[in-house]
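Two chains, two frames, a set of hints: combine them into the complex.
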Amino acid sequence: MSTPAFSFALSRTRRQLLTLAVLPLFLALATSLALLPGAARAAEESPDALVRSLSEEMLKTIRADPALRSGDMRRIMALVDAKVMPNVNFQRMTALAVGPTWRQASPEQRKRLQEEFKTLLVRTYAGALTQIQDETVVVRPVRLSPGDTEVVVRTEIRGRGDPIQLDYRLEKTPGEGAGWKIFNLNVLGVWLVETYRSQFAQEINARGLDGLVNALAERNRTAGSRPRN
Amino acid sequence: MRFKSSFHRLLRAGALALVAAWLAGCASLVGDPTHPVDPFEPINRKVMAFNDDLDSAVLRPVAVAYRDHMPRPVRHGVSNVLGNIADVWSFFNSTLQLKLRQAAELGGRVVINSLWGLGGLVDVASDLGLEHRSEDFGQTLGRWGVPSGPYLVLPLLGPSSVRDAAATLTLDRYMDPLTHIDHLPVRLSMFGLRAVDTRTNLLKVTNVLDDIALDRYTFTRDAYLQRRFAEVSRGRPALPPLDPGDTWDGRDDSPAPAVPAAPPSPAGPKVNPALPSSGLTAPEHNPKL
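As they're listed, the protein sequences go chains A and B. Just so you know, this note's numbering puts 14 at position 14 of the first sequence, and the rest follows in order with no gaps. Just so you know, this note's numbering puts 69 at position 69 of the second sequence, and the rest follows in order with no gaps.
Pulled out of the complex, with its shape left as it was, chain B reads as follows (with noise of 0.2 angstroms):
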């Protein structure tokens, strides 16, 4: 009874993502072509200000509370229980984009650490050279061929497109163990850990981002979108996704400004060709705009 009811939210989970995933593939093809992969900005800069506002609010307050109260020991354990965790579902989108070594790793990884790293607690796998990768049902559906769709920022998640949305909001959330967690208030302490966990790691990565950012959320747009292309490429891209029309290589000789609009540098540069070239001949999404 119990089986088949979980079994069904499976199915409805699955479903929905492929319908969302189709929705991605439909959606890329609209949307404003001078911003080919932003047509929601608007909303998703307000989105991004109550992302922040909440923030600044609670979060990041608590994460740095947590950070100077709690010994160190203690919080890499909570970060190591919580990523061996997080290797289950890695292992199950490894083997569906038949990345067979990896998964093969990542499986070993879990066993070892449950066993011999006290649940968790320790991470002994990457002692013994196993290196943790995180894969999500986004970038297998990368991998499958799925356009990852206009960026989007979601609440309380922040940076997403339409395909990793859809792969978030349902598989990888219905794979997430501590949804399944009975008991409401431990459930909801559960996450709530994970957040603080989470928010404390990027302490220092927000503090530099503040620092260094023209513009937050463009940047974070386009490092979201190119880290993401990079994810489901088989083999890393050579280079990143190019506007067939941008023949700007950077070079100008003429010394003096003067005359505007020169024409346009005659050919791309050349590039080995002995790299890979998925950067460039797939370009899934294109993050310049």
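Isolated chain A (complex conformation) (with noise of 0.2 angstroms):
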């Protein structure tokens, strides 16, 4: 990555706003997927309450099992489609980042994108797991009126170091399965959806829907193959 490397000869800001911000990003968002629902819980449930609950329970589990910790990818994945995917409406996660276009994806594409964008999204905080320790969640209460269709639950990730902001929007589904189920979230200040929308959006004017499908795969791919240190 460029830039935030050479802070070295001005602003020391810089260094402070891309260590706080890039860096948790990342960590967080793991942790936040981590985090998220376990079983899907009763309609009747408070989203804050659901947020909690299952940040929670997502935490203990992870603490309790080296090799979710040791960033084990089938075995993150399959916690991941066990307890996170119920509470998540995924469908709508994807397309709300692929854009209107969506709308002319047909079946086959929408199931592609949707696994590959999850693949992308686990393997990024695949990695992070490793640095789970006695993290706690603090969520905030929510104020829900009558009717409200979508709300934003916030919530603090306290452990070492500075405190990470993770916030979530849901959406109250009806009908089958209701409950609240999330939709996007926040690390940071920075939302998930919209940082992956414009480029998305690239990827589609330059290639077409398959082009993005077959950029998501190979990311997918290649990810980890790059020698690290």
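Fair warning: there could be bad hints in the mix.
[Said to hold, decoys possible] Residues from chain B that face chain A, not an exhaustive set, calculated with beta carbons under 7 angstroms: (1) Q102; (2) A103; (3) E105; (4) L128; (5) G129; (6) H132; (7) D215; (8) D222; (9) A223; (10) Q226; (11) R227; (12) W248.
[Claimed, not checked] Residues from chain A that face chain B, not an exhaustive set, calculated with beta carbons under 8 angstroms: (13) R92; (14) L120; (15) E194; (16) E203; (17) A215.
[Unchecked claim] Derived pair list, reagent style DSS-like, types lysine-lysine, alpha-carbon separation capped at 30 angstroms: (18) K60(A) with K172(A); (19) K204(B) with K46(B); (20) K60(A) with K204(B); (21) K111(A) with K172(A); (22) K172(A) with K83(A); (23) K204(B) with K83(A).
Hints are computed from structural coordinates only; laboratory data are not their basis. No residue lacks a Cβ here, since even glycine has one placed at the ideal position from N, Cα and C.
Structure, rendered in structure tokens:
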């Protein structure tokens, strides 16, 4: 990465900004996805209660399982599918990131986009799980008016170092499997969906929907193959 | 005599910052309408490529060696001392933004860490619950209502905006104690040490970034602008700054695609009115292009 690196000539604030912003960004993104929901809860459960109980449950699970903390992708993916996904409207999350072009995507393209996007996000935090120790989650209570169908739940991860701001955007889903579902999340002021949106649009404009699917698949395939140090 | 010249330089830096901030305001009104926050993208990408080359050739290898060969306590000590110096300027900026509680905490941090933390070597204040926050003059300008202006990638320094660059290159720099070290070799060594310290702390991040960004430039830009927007908002913005013309809410109930260009969903989603809506009402810039 280019930039933050070179803060030597001038602003140290830039250094702080990036350290503060980017490092926790991924760490928290990770933690956050990890901390998301366990099993889907009853429809009556308030969104903040949902986020709280599931965050705590996930933290406990991760702390108790060395395989998860060592970044074992298969185990992590299994956990995500079992506990996180039931509480996420991942189709909407993907659709938001893809933009209105989503309407033109075939069912097959939609399925692949969701799969690849999910893998991308899970990979993001696989490494960060190794960092989890004695973190706790503080969830701010939400005041909900009757008829609200969307809400932002704010949380803070406290542990070593600076607290990490982590917010979730949830929607109330009617009918089958009713309850609150997460469809966007914010780490230190940065919304996940919005951060991918321009990149997706770029790819779609240049190479179409299939181009986007391929780009994501390629990124997932080559990730981690570079030497790291 | 010395004081007077310092004072003049300070004044000059301040005036420059204001002019640049004003330019940022103007610049945010022009620019390519299809890329409202990034009219400088072509040149920005070139600068980023330059920074990247320099990074992989010099800074990153040095940072890796520093991490691998320097004992952890030493590295932490270095980070803490540099952080203690930074807290001073954050304290001033918190005050300028009238974040008085935070200013008091930062002031407390500096005093405690300097006196009981062996001149900043040990971060005692964090253990006492005084959290580190960073505030720079770009944030202060933003808090005062100066728009960020277009995204800018600075050589060596990286992601910025017209407003933030104006602040970085003037007051932030002037108020940085390292800038005022008279002995040139010492000054350069200190800047070098800070660069290595920063880069070392970012090693994990940049590894991840390479793996998850489709386009690192766009990823970095959008994350940077959103982050800065959140920092200068009063309270956390509930939602990302929205493009007023953007009605896509990700809901598409039509099962199959077939017909392109269905009518856009009628109204935006209903959002809890109890939430602050600064993200919606005062979009300082719109990271979605």
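>> Need the list of violated hint numbers for this structure, in ascending order.
In response: 1, 2, 3, 4, 5
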